[in-house]
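There are 2 protein chains.
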Amino acid sequence: MFLRNLILALARNKAIERFVRTSRITRGVVRRFIAGDTLEEALTVAEDLAEKGFKVSLDLLGEHVASEAEADSALEEYLRLVSAIAASPYFGGWMPERINISIKLSQLGAHLDEKRCADRLEKLLAAASLHPIFIRIDMEESAMTDLTLRLVIEAHNKHKNVGTVLQSMLLRTPSDIEELIRQRIRVRMVKGAYLEPESVAFQKKRDVDQAYLACACKLIRDGVFPAIATHDASIIEKVEHFVQLEGISPGRFEYQLLYGIRRGLQEQLKKRGRIVRVYVPYGSSWYPYFTRRLAERPANLLFFIRSLFSR
Amino acid sequence: MFLRNLILALARNKAIERFVRTSRITRGVVRRFIAGDTLEEALTVAEDLAEKGFKVSLDLLGEHVASEAEADSALEEYLRLVSAIAASPYFGGWMPERINISIKLSQLGAHLDEKRCADRLEKLLAAASLHPIFIRIDMEESAMTDLTLRLVIEAHNKHKNVGTVLQSMLLRTPSDIEELIRQRIRVRMVKGAYLEPESVAFQKKRDVDQAYLACACKLIRDGVFPAIATHDASIIEKVEHFVQLEGISPGRFEYQLLYGIRRGLQEQLKKRGRIVRVYVPYGSSWYPYFTRRLAERPANLLFFIRSLFSR
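Here the protein sequences line up with chains C and G, keeping their order. Counting the first sequence from 1 gives a position; the numbering used here is that position plus 1. Counting the second sequence from 1 gives a position; the numbering used here is that position plus 1.
No lab work stands behind these hints, which were simulated from the structure alone. Among the hints, a few may not be true.
Identical copies go unnamed one by one, so any copy, or any two together, can satisfy a pair.
[As the list claims (entries may be wrong)] PhoX-like cross-link-like pairs, simulated, lysine-lysine; straight-line CA separation at most 25 Å:
no., residue 1, residue 2
1, K271, K53
2, K219, K53
3, K124, K206
4, K272, K239
5, K271, K239
6, K53, K272
7, K159, K124
8, K219, K206
Whole structure, please, built from the sequences with the hints as guidance.
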C-alpha cells in the first residue's frame, strides 16, 4: 500500500503529469489501457471484444469538470455515445446488455450544483432506457460518496437502468451495501483506487481484501446482478468456491475487469462460462484514470517503467 | 406430418376438448407442460428455473378473444405480470433479461380491431420497458401473419423492447426474415405448429426442417440476438456446427425450449454454456397450446396416451 500511495501522490505533481501526457515515449503504454481518444476508436475496441464473447462497459474518461458548460458538453458526449451504441450492428437493438455505459457524477457537475447534475443524469437515463442501455455511476473519492449515493437512489426511483459502485476499502461500505440491496440497485464491487485517510478507509491491503470478499459474497447472495470487479485471482477463486458451495448459478452475477489488465484471466473466466465484462475507457482526459491503474498493481507499474526504457 | 395433422383436426372436436379439459385423468400430464392456472404458480416455476440457471419466457395462455372486454382483461393480466416480475427477487431490478414475456396479438384483440389492439400493445410495451422486460409477440396461424408483422414493426418504431416469431414451415418466411433483419427486430425461429394449407406452407417435415436450418443460420449471422426455438437435437447440432465454423460467439443468440419438453436437452445445452430460455405457459386457457404440443412430437403424444392408461 506504501508504493500505491506514493504513486498516487506523485501523480499529482504537474511536471510528472506533463511528461506522461505529452511524451511520445508513454503513448504506447497508455494505449494498452485506454481504447483511444475518440468515440469511434472506443466503439471499434468494444465491437472487437463483443466479437470475442466479452460484455463491455464504455467509459468516457473525465471527472471534476470545472464549469457547468463542461458538464453540459460531457452530457452531450454521453448522449452521442448512446446514439452510436444504438446504431452499432453489435450493440443496437434490444438485447441482453452486451454493453453498458460508465460515468462519473463529477463529470456531470455533481460537485458544482447537485440539482443541475440530477437533471443531466435524468436526461441520460431517459435516452439510454429506450435501447435499453444500463448506466453505471462510478464511485469517486470518499468526499463524493454521500452525494453519489443520494443521486443514484433518487434517479433509480424513476429510471431502473442505473446502478453504482462500492469500494471495499471504505469503512462505511457494509452499511451502504445493505441500503442498496434494500433499494434493489445494482452494485459493482471494487477495492477502491483513491488515496483515502485512515478515518474513512482501511490502510492495509489485507483488510481491504478481506472486506472485499465479504462484500462480494453478500451481494452475490442477496443483491441484484452484482459485478465482481477485481483482477485479484485469489479473490476470484474464493468467490467461485462460495458460489459453488451455495449452489448459486454463475448467471446471477458478472465479473468485470479493466481493458488491458490481466487479459489471460479475462479469457480464462470467459472460457469457464462466466459472464465477463471489460471496462473500456476512452477520451482525452485519461491521466487520472491511468495513474490509478499504475498505483493499484505493481505489474502495471512495472510494465510502464519497462516501456520507458525499452525504446 | 399425417399424425400431426390428424391430432390438430381431432383437437377441434368439442367432445374431446371437454374430456381433456375436465377429466382428472389428464390433469397430471397437463401439469407437465403448463406451469399452473395462476400467475403466482407460474412465477414460482419461473424462479425455480432461474435458480437452475435458465432464462425464462412467461406466456399467459389465451388467444382469439371473443370481445374487446376480454382483450382488455388480457392486457390487465399482462400488466399484472409485469408488476409481479418487477417485484420478484429473481427478476426485479434491471438485469440482463432473465425473463421475457410472450403474448399473442389475438389475445389483445388484433382480429377484432387492429387500432385498439395497437393501443393495448403500446401500453404493455411502455410499462414493460421501465424494468426492462422484453415482449415477444408469438406468431399464430398464417391468416394472422401480415397483421402481426405490421403491428410489431409499428410498435418497434416507438418501443425497442419488442420482437416476434417466424415459422419455417411458411413459404413466405425467408422474405419476412429479410425485412425483420432490416428493421433490427429480434426473431424467434420456430418450425410452426399450426395446420396450414399447401398454398402457404411446406407439408413435408423434411422441407420444414431444411428451411428451419437455413433461416436459423441466416438469423444468427445477420439478425439481432435471435432465439433458436426447437427441440430437434439434430438441427441443434447443425446450428452448433455452423456457429463453430463461422467463429460466432454463443452469446449472440439463445436457444428456446418449451417447459416440460426434452428437459435433458435443456440441461445439456445449459451445461455447454449456451443461453437457454424455457418458455413457460400458464393460465386456464391451455387447451389449444396443449394440443399443439401433442401434435408436434410423437413423444409428447405417447406420454399423454401412456398417462391415460397408467392410472
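Quick rundown of the hints versus the structure:
Proximity of K271 and K53 under a CA criterion of 25 Å is satisfied in both settings, with 9 Å inside one chain copy and 19 Å between copies. Proximity of K219 to K53 under the C-alpha cut-off of 25 Å is restricted to the inter-copy arrangement: shortest distance 19 Å between copies versus 30 Å within a copy. For a Cα distance limit of 25 Å, the shortest separation of K124 from K206 qualifies neither inside one copy, at 39 Å, nor across copies, at 52 Å. Taking identical chains as interchangeable, the C-alpha atoms of K272 and K239 lie at most 25 Å apart whether they share a chain (18 Å) or sit on different chains (22 Å).
In this assembly of identical chains, the alpha carbons of K271 and K239 lie at most 25 Å apart whether taken from the same copy (17 Å) or from different copies (24 Å). Proximity of K53 to K272 under the C-alpha cut-off of 25 Å is found in both arrangements, the shortest distances being 11 Å within a copy and 20 Å between copies. Taking the closest pair of Cα atoms, K159 and K124 come within 25 Å of each other both inside a single copy (12 Å) and across two copies (18 Å). For the identical chains of this complex, K219 and K206 are intra-copy neighbours only, at 20 Å inside a copy versus 51 Å across copies, given an alpha-carbon limit of 25 Å.
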